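This is what each chain is made of:
There are 4 protein chains.
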Amino acid sequence: MRVGIVGGTGYGAVELMRFLTNHQAVDKIYLYSQSKQGTYISDVYPHLASIINVAMEELTVDHVVKHVDVLFFATPPAVSYQWIPALLETDVKIIDLSGDFRLDDPAVYEAWYKKTTASRDYLKQAVYGLADVYPDKIKQAQLIANPGCYPTATLLGLLPIIDKSFIDVDSIIVDGKTGVSGAGRSLSQGVHYAEMNENMRAYAVGSHKHTPEIERFLAEKTEKSIFINFTPHIVPMTRGILVTMYVNLTAAISRDTVQTLYESFYKERAFVRVKENHSLPETKHVYGSNYCDLHITVDQRTNRLIIVSVIDNLVKGASGQAIQNMNLLYGLNETEGLNLSPLYP
Amino acid sequence: MRVGIVGGTGYGAVELMRFLTNHQAVDKIYLYSQSKQGTYISDVYPHLASIINVAMEELTVDHVVKHVDVLFFATPPAVSYQWIPALLETDVKIIDLSGDFRLDDPAVYEAWYKKTTASRDYLKQAVYGLADVYPDKIKQAQLIANPGCYPTATLLGLLPIIDKSFIDVDSIIVDGKTGVSGAGRSLSQGVHYAEMNENMRAYAVGSHKHTPEIERFLAEKTEKSIFINFTPHIVPMTRGILVTMYVNLTAAISRDTVQTLYESFYKERAFVRVKENHSLPETKHVYGSNYCDLHITVDQRTNRLIIVSVIDNLVKGASGQAIQNMNLLYGLNETEGLNLSPLYP
Amino acid sequence: MRVGIVGGTGYGAVELMRFLTNHQAVDKIYLYSQSKQGTYISDVYPHLASIINVAMEELTVDHVVKHVDVLFFATPPAVSYQWIPALLETDVKIIDLSGDFRLDDPAVYEAWYKKTTASRDYLKQAVYGLADVYPDKIKQAQLIANPGCYPTATLLGLLPIIDKSFIDVDSIIVDGKTGVSGAGRSLSQGVHYAEMNENMRAYAVGSHKHTPEIERFLAEKTEKSIFINFTPHIVPMTRGILVTMYVNLTAAISRDTVQTLYESFYKERAFVRVKENHSLPETKHVYGSNYCDLHITVDQRTNRLIIVSVIDNLVKGASGQAIQNMNLLYGLNETEGLNLSPLYP
Amino acid sequence: MRVGIVGGTGYGAVELMRFLTNHQAVDKIYLYSQSKQGTYISDVYPHLASIINVAMEELTVDHVVKHVDVLFFATPPAVSYQWIPALLETDVKIIDLSGDFRLDDPAVYEAWYKKTTASRDYLKQAVYGLADVYPDKIKQAQLIANPGCYPTATLLGLLPIIDKSFIDVDSIIVDGKTGVSGAGRSLSQGVHYAEMNENMRAYAVGSHKHTPEIERFLAEKTEKSIFINFTPHIVPMTRGILVTMYVNLTAAISRDTVQTLYESFYKERAFVRVKENHSLPETKHVYGSNYCDLHITVDQRTNRLIIVSVIDNLVKGASGQAIQNMNLLYGLNETEGLNLSPLYP
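Residue numbers (UniProt numbering), protein chains in the order written: chain Z, 1 to 345; chain G, 1 to 345; chain R, 1 to 345; chain X, 1 to 345.
Derived by calculation from the structure, the hints in this document are not laboratory data. Since we're looking at a predicted model, the values are computed, not measured. Hints are supplied without guarantee of correctness; some may be wrong.
Cut-off 30 Å, straight-line C-alpha distance, at most; resulting in silico cross-link-like pairs (DSBU-like, lysine-lysine) [stated by the list, open to error]:
no.	chain 1	residue 1	chain 2	residue 2
1	X	Lys-275	Z	Lys-36
2	X	Lys-164	X	Lys-124
3	R	Lys-267	Z	Lys-36
4	G	Lys-267	R	Lys-28
5	X	Lys-36	G	Lys-36
6	R	Lys-275	G	Lys-28
7	X	Lys-164	Z	Lys-275
8	G	Lys-28	R	Lys-267
9	Z	Lys-137	Z	Lys-124
One-sided and incomplete, this derived list gives chain R residues near chain X with beta-carbon spacing under 10 Å [as the list claims (entries may be wrong)]:
no.	residue
10	Arg-239
11	Ser-264
12	Thr-297
C-beta: ideal position from N, C-alpha, C; glycine also.
Assemble the whole structure, with the sequences as input and the hints as a guide.
Below you can see the structure in the form of structure tokens.
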């Protein structure tokens, strides 16, 4: 398999390289970058010296068609949508790690992203790549919209129960906490080491662009509009997302019942681990790996369900899931290149 | 003023010393410790060398009565309650940083703390030392139950609106995030550096002992039982608490109205800063200081209020507030010894 | 006393404000900034809200002469030297935290800083503000060149023995480790949180601009040129410098003798603590404070002296020492505004 | 291949499991622990859930002989030496990650470790497993003494030039900086998160037990006793060692000459990367990987060589190198199971 990556100098791209250089079915990697053409990737990322010895090239549809079987976009918002319509005319498979194709309504995209994306017709051609929930659809796709980091952790936590009659879908509150790598490689005062270390803050309260992505796929299953509160926070660590979800119960239900429901929902899935009651998940338990660890509490005092979900934002929340999607697309074992133990400690 | 501190080797005590050695009205500091009698504090805490040159002594009521005007308990649960009844017979003023006197029902204490505390009669003699809300009661007290760290951040965030008709008191969700110093000085695997660094987790989901403390003082103002969800999380930093509170609105209300309400509630208070909409609080903005920074969002989409509150858990959440209480008790300027700028960066 | 600060938005300036707002003799603070005129400091640094309510102004000699008694330059290299000649014509006292006046030879400055500074005549008018070594000279100065962070930690470690016959001055190796705040507030990839966290590196090996500053003041005491190796490293923490110094012994000498020599050298100095053999210094022991902690090892196997020195780079290594110099200049108690306990933990 | 690990709950063991579960030639893993017999490893390390499902067993020579081809000791000092003599009577291959067999003189071991090890006869049977320097000897061994973390980084930095006439072997100074995982999993106040975060310190100055190990293998090549200064420091990060080495030059020599010498010394070695002059190594460049990155500076001013070496202390400094040794022992490709990209960021 010949692979191309657009956006070669971002964290998404560099994490794709980590998995692709460890992947049995990948023969060749091309890197595309508009700003760094001609630069060797190991000059940008010295840790890759002697591992991947590739210079970045100009992205053109012609080059892709000639050399690449599957193309990853690891680009900022509003880039991939300019290329994908032309690529859909070819046989190239596309996995887009950006948000451009995750929503089906361009107006909603523009409202939250403050940018433009493709038209509704193109958006409809994308399959949402939540690999542990939609593997069958993904296998058929040409274009995969790889989920956002928060939506991955949140949807894996909520989809097993979102259509159950014992919950109140209007009560959902999602409190997210992320490590700093989620903010990407671009410099800003807020993630300057001296000011981010020993610091935490909420951001984008009520306005984070992952909100409509979560709402869309919850609503798809309930066939009813859903509005959630999603509040992200940034905490002083490089990798890891922990999402705490609160849902009102409308009926008495035991923790065992809910646990069984989750275990059954994920029983075929290699990368979702439903934890026992005594064992709360920690982001370090999934560090550098493609796992999502889930935990359920039924709070009898308040009649609420509390779900905790942890992932590595750069792996299951981005590049690892993208590789999993590539494996599904090509009929490979879903875990190929990904069955690495988390790094601990 | 002559001051005594029981529990001389914990973080609460050492932080008290930082403020007391910078306090104009304090002449003398005595340290009491059962496990470290005879040891100089600077042998336990080398940073105090040449600053405080005191050996720890055995705690006895006699010694206290003879030498001390105000006595701080910076002890684990279920210690102070064994001493305070006898001390209440004397003229000594007492500020208890432990949880022993924060609840008024010993049965509730035992249910959440899994330990014993004083009888209801003694509990009733304590004034709850939330200094920015109850300064007048505090001035009259002999025994002050200094609030917990999470309750301080949470109650300062909720008390201005808890009795308003536009909120649903049954909908309150409190998602707390703390730095590691909140876990104290005792060693445990969970706060071992190599495993806590680059890691976060929820803990005590549905069972944290600060829950009934928060509920008590919310209920006191509404005259109606209140049950909240409180979920604490630990994040890899030493100091700082950020609490995110979610409350359903029962009526349309503008952010400006709520903002004005908060500003008016705290307009005489030196240590509470209500932030503008564009300026989300960060724990580093209060680092090492006695400030609480508050921020309000009204989310029109979901009809919820989101309140963010930050404090330094060891200062406003413990020792700083205790000093503020001491100042109130002695009719001093509330800010004496405490008007230090936060440490930034 | 009326104080002015040039470079109002850097870490040096903000740390000066922390101490000046806690200083009894300071009535008024002016902030000068070329890039942020008209901006309130609390809009740049929200932690200062309600503490210092000052807008930044344009720097002119006229304004300074009219309003300011002592002026701090907390500016990047090659700024202060453009202003100071004119200011030396006035009665204003100047404390320059930049490196512009620390060397006495403009050619050496240019060789290491790759920038221009004042002429030799002006450089000679500056007194080097190593407050714990040259207090008497400092009291007489109009212009103080406040020492660099590494030179402060290093010179305090070496000056007590540099002129002793039992050491080989040609053997000195200085291995420095700094927290990230030493790199300042300007953004760069190297101190981007996601890449600096869980990372350390050496930098400017053999070429750091603090090298000639250290060499100058060692040589001044020995009256012989001295060349040292100085290798700085950056480690993932915000505040703190630890310097490890290696010096060959030319004669057998006991640790006790050396210890006594250091204790005697610093016996009148409030801010230098010479540690016992069993008690190695830690940067956290001086966190946020103006202390320098020193430790001596005599290694009999290799016949070398190993000196460890720790400071807070922003306090003793910059703004704290600058305040100490201001106190000396004005005949105040040297510790005024500075006698705060380190923040621990 | 059937593998056994003694010391199943330490960081060395858990890091071995990360590599062994990703190793093509390994069929079966046994874990031995005296304190945790019967416990499943995923109950100690939840990150291993669904990855390795093994309970810890009692260590007996019989069990090992029956089930295991190669046995790793990842134990504290003075454990492995009690078992290895009996195991040397069998066909089992042994890789000892502890220090027990790294020195050839039991008296030197006792002087530095303050513990007992095997007799000189047994010590002589061990081959020192510095895999990038002694691959041929290692291939023949039954017992491999896997090097310490600091000695690995230091010896890889010094062995290429230790026997050259242009250096002064009596001038060597080694300044080491380590992340906290090097201190292991046992709890202690010094590595309690709240006190280790935002902190650094030197430790074991002049007395660290890795000193004689470094000196032994330097001396072996020069055939002359060598005494070095080795000063370790601990810095607030989990993984990574950076060692800075200072060596006096006795003759004028260019950086290019030294660079060529290093490149030639390591030209066949997959895991040692000699960096260009402009590219200083960072510990994050080798994070989680088996690489050692080296950098050379020739300081003309002081006539000294400065060598910087970085490794991941748990990988190249322990378990990764142990796997590399296992590969060498079994005639496998040296990189099998280890050719993973460093984790970045």
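Here is what the structure says about each hint:
The straight-line distance between the Cα atoms of Lys-275(X) and Lys-36(Z) is roughly 22 Å, inside the 30 Å bound, and the hint therefore holds. For the given pair, Lys-164(X) sits about 27 Å from Lys-124(X) by alpha-carbon distance, which is consistent with the 30 Å threshold. Annotation: proposed proximity of Lys-267(R) to Lys-36(Z) is violated, straight-line Cα distance about 59 Å (limit 30 Å). With a C-alpha separation of about 25 Å, the suggested pair Lys-267(G) and Lys-28(R) falls inside the 30 Å cut-off, and the hint holds.
Our distance criterion of 30 Å between C-alpha atoms is broken by Lys-36(X) and Lys-36(G), whose separation comes to about 33 Å. Restraint check: the Cα-Cα separation between Lys-275(R) and Lys-28(G) comes to about 26 Å, which is no more than 30 Å; the hinted pair holds. For the hint pairing Lys-164(X) with Lys-275(Z), the CA-to-CA distance comes to about 58 Å; that exceeds 30 Å, so the pair is violated. At most 30 Å may separate the alpha-carbon atoms for a hinted pair to count; Lys-28(G) and Lys-267(R) meet this at roughly 25 Å.
For the hint linking Lys-137(Z) to Lys-124(Z), the alpha-carbon distance of about 13 Å falls within 30 Å, and the restraint holds. The interface hint given for Arg-239(R) is met, as the beta carbon of that residue sits about 7 Å from the closest beta carbon of chain X, less than 10 Å. Residue-level restraint check for Ser-264(R) is violated (minimum Cβ-Cβ distance to chain X is 23 Å; threshold 10 Å). With a least beta-carbon distance of about 5 Å to chain X, the hint placing Thr-297(R) at the interface is held under the 10 Å criterion.
Checked against the numbered hints above, the structure violates hints 3, 5, 7 and 11; every other hint is satisfied.
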